[in-house]
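**Student:** Produce the entire structure from the sequences given, and follow the hints as far as they go.
Residues per chain are reported as follows:
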Amino acid sequence: MKQSHRWFLFFLSACLFFCGVNRDSAAKVYIDIDAPGFQQFPIAVCDLQAKKIPPDRSAELPSTLSDHIRSLLTLTGLFHLLDPKSFLEGVEPGTQTVRFSDWTMIGADFLVRGGVVFGVRDLTVDCQLYDVSRGLLLFNKSYAGSPDDVKTLARAVVTDILLALTGDEGDFNTKIAFVMKKQNHSDIFTINYDGTDLKPVTSHQSIVVAPRWSPDGQYMAFTSYRAGRPEVYLYSLKTGKEKKIAAFKGLNLCGAFSPDSKKLLLTLSKDDNEEIYVLDLDSQQLSRLTHNSAIDVSPTWSPDGKKIAFVSNRSGSPQIFVMDADGGNVKRITFEGNYNTSPSWSPRGNRIAYEGLINHRYQIFTVDEDGGNLLQLTFDNADNEYPSWSPSGRQIVFSSKQETAHRISIMNFNGLNVRVLKESKVPAVMMPAWSPRLK
Amino acid sequence: MTSRMSQKNPFGGPGNPYNMFFASLAMHVILLAAIMISVPGSTRQLTFGPSYTVALVGPEVIASPQNLPALRDMMHPALSDRPVILKRDTHLSTKVPIVKQDDSGRQDIEKAIASLRQKDAASMDRDSTNKFPSGPPTPSPDQAKINDYSRFIWNKIKKNWVLPPSLMPKENITAIIEVRIGANGALEHVAFEKKSGNRYFDESALRAVTKSAPFPPLSGWGTGRSIDIGIRFHSAELR
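Sequences listed follow chains A and B, in order. For what it's worth, my numbering labels the leading residue of the first sequence as 898, then goes sequentially. For what it's worth, my numbering labels the leading residue of the second sequence as 27, then goes sequentially.
No lab work stands behind these hints, which were simulated from the structure alone. Note that CB positions come from ideal geometry on N, CA and C, so glycine has one too. Some clues are possibly wrong.
Claimed, not checked - Listed below are the simulated DSS-like cross-link pairs for lysine-lysine, each with C-alpha atoms no more than 30 Å apart in a straight line:
id, chain 1, residue 1, chain 2, residue 2
1, B, Lys-185, A, Lys-982
2, B, Lys-171, A, Lys-982
3, A, Lys-1078, A, Lys-949
Claimed, not checked - According to the in silico footprint, chain B covers these stretches of chain A (three or more CB under 8 Å from chain B):
id, segment
4, 928–936
5, 1024–1034
6, 1157–1167
7, 1210–1224
**Tutor:** Laid out in structure tokens, this is it:
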């Protein structure tokens, strides 16, 4: 055999050998997974540990703080809290190590643990968040605060947990304004997102409706009948002072603030029928946006300020329309049902929530700004009205009326995890508006 | 000049064009083989063997994998859900106000946990020793078993995938995670073949995979050493 042929045979054998070796691990399978098994993070929150509790402080304080953390996590609708009775690993004061397998075994994805150190006047909370399935410490932070205000401390901890796991601080530092109505009088009140700290805003001894927060958290606008007809007022949340900003002849109805808080949308009937206007709050310059013989009301801005959604009966029944911020390019986006109103634009930009009449009940719907992907969120035997998005865009607050019971409720943006924030028969509660994140 | 160079040809011969062709062919082939060996065989583009795609979206696959005949031997009791058992154990220590009884209850729990850990370790040992034969590897994988195994993996990872819909971006995204499962079912390698561009989506997918390990042993089928699986996580259904 020629030498060249021997070389060739050698190389060929070598190649075939190597190909054969690699073939052992070559077969590869692809699997497609298109929906998660669960939509809530399973999280274990251990009771915070305290080495030494001063005699003048409650021994229950660390566990109370832990309970607040659990409650706030539950409020978000993003977490499934694991029962502490299922925990395999105890957490004694000073314990540093984590047996991750003990936590994955009970189904946890995340673990929160830490300790409390009491100072002379204040206390410090050390808190760690772990990703137990990957064995990672996600953060280890200290929080100083007053022992008399553990809720604020709990909010700070949970805000950081949300930031770490979602990239968003959530809706904890927010309030919800709503109208309380008793007989012929109504006023605006605010309540914290967690249902605490109910406070009055107005005291007009008249009918006050439609609270609207400015996105910078400085002002609230509303409509009041104090002068015998509807007029629009601006209330400073900083100083507590209010002033009348729209008192034209006919109806003056409050709309939404622009994203930069410098303009306010109004519905005025000073030119015969109800039309939408925009008021520059600094210059007091008023510009008309709609020119139609039909009724145009309830305007709300898109988060980028480029578009406005509103209600008009120009097609024969109240429907949701979207137009450019200068009033041009009007498009109808709702075509199901004969009564669709109260649009609210998601801060995430892509969805508009509204109430629609279906089967003789008002229910909450969401729809894309181009009219696609219509989704009904509420189905119960009640009138569910006035949807308003949370700053994170993950939750919606709305009012609900069933027989004599009135409720302000919060649900996830997909209609799940409904919880009652405020319930009352008399006075009635209605027209909620979610604040921006407050400092 | 040309003839002189031809004569210096290391494959000998007076510049035979057939020899040159074979030499060139051999060099190319061996170079390709060398690249294959130096790069791990898990990358799809560099895999010589067949690349299977298993579409598992029908209702029939939602049925319990225990019903699959090829998986009955894989579904070892030790791999069943443990929290239920553990919760039952922890009830022993509740509602006992006396300190001494509390301590004994606590000891019971510790014992129960210790025995559970031992059982868990023992079952894992059994899985790795008894289930996987030490004989020579099977030369070619059985397609049906690969499909059943993939179905089990799909079911387990899907169950462990947790992601709130509100964390989804507007557009459809996909992340691909490549895993190598060893003969004893251990996760030998896990890495992103393709990231989705959404950090929280990617992290949730990675958590689902790591949380699902260990997997059932290969039980003598497949390539004998390990199996490479690409898991594509899609957001489409979430939105």
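**Student:** Residue count check for the segment 928–936 of chain A against chain B: does it reach three with CB-CB under 8 Å?
**Tutor:** holds (count 9)
**Student:** Just to be careful, I want the Cα atoms of A/Lys-1078 and A/Lys-949 compared with a cutoff of 30 Å; is the pair within it?
**Tutor:** 50 Å, violated
**Student:** Please check whether the segment 1157–1167 of chain A has three or more residues whose CB lies within less than 8 Å of a CB on chain B.
**Tutor:** violated (count 0)
**Student:** Need the status of pair B/Lys-171, A/Lys-982: alpha-carbon distance at most 30 Å?
**Tutor:** Cα-Cα ~40 Å, so violated.
**Student:** Taking only the CA atoms, is the gap from B/Lys-185 to A/Lys-982 under or equal to 30 Å?
**Tutor:** Holds, because 23 Å separates the two Cα atoms, which is no more than 30 Å.
**Student:** Is the listed coverage of the segment 1024–1034 of chain A by chain B valid when you require three or more residues with a beta carbon under 8 Å from a beta carbon of that chain?
**Tutor:** holds (count 3)
**Student:** Do three or more residues of the segment 1210–1224 of chain A come closer than 8 Å to chain B, measuring C-beta to C-beta?
**Tutor:** Violated, because only 0 residues of the segment 1210–1224 of chain A bring their Cβ atoms closer than 8 Å to Cβ atoms of chain B.
Hint violations for this structure: numbers 2, 3, 6 and 7, all remaining hints satisfied.
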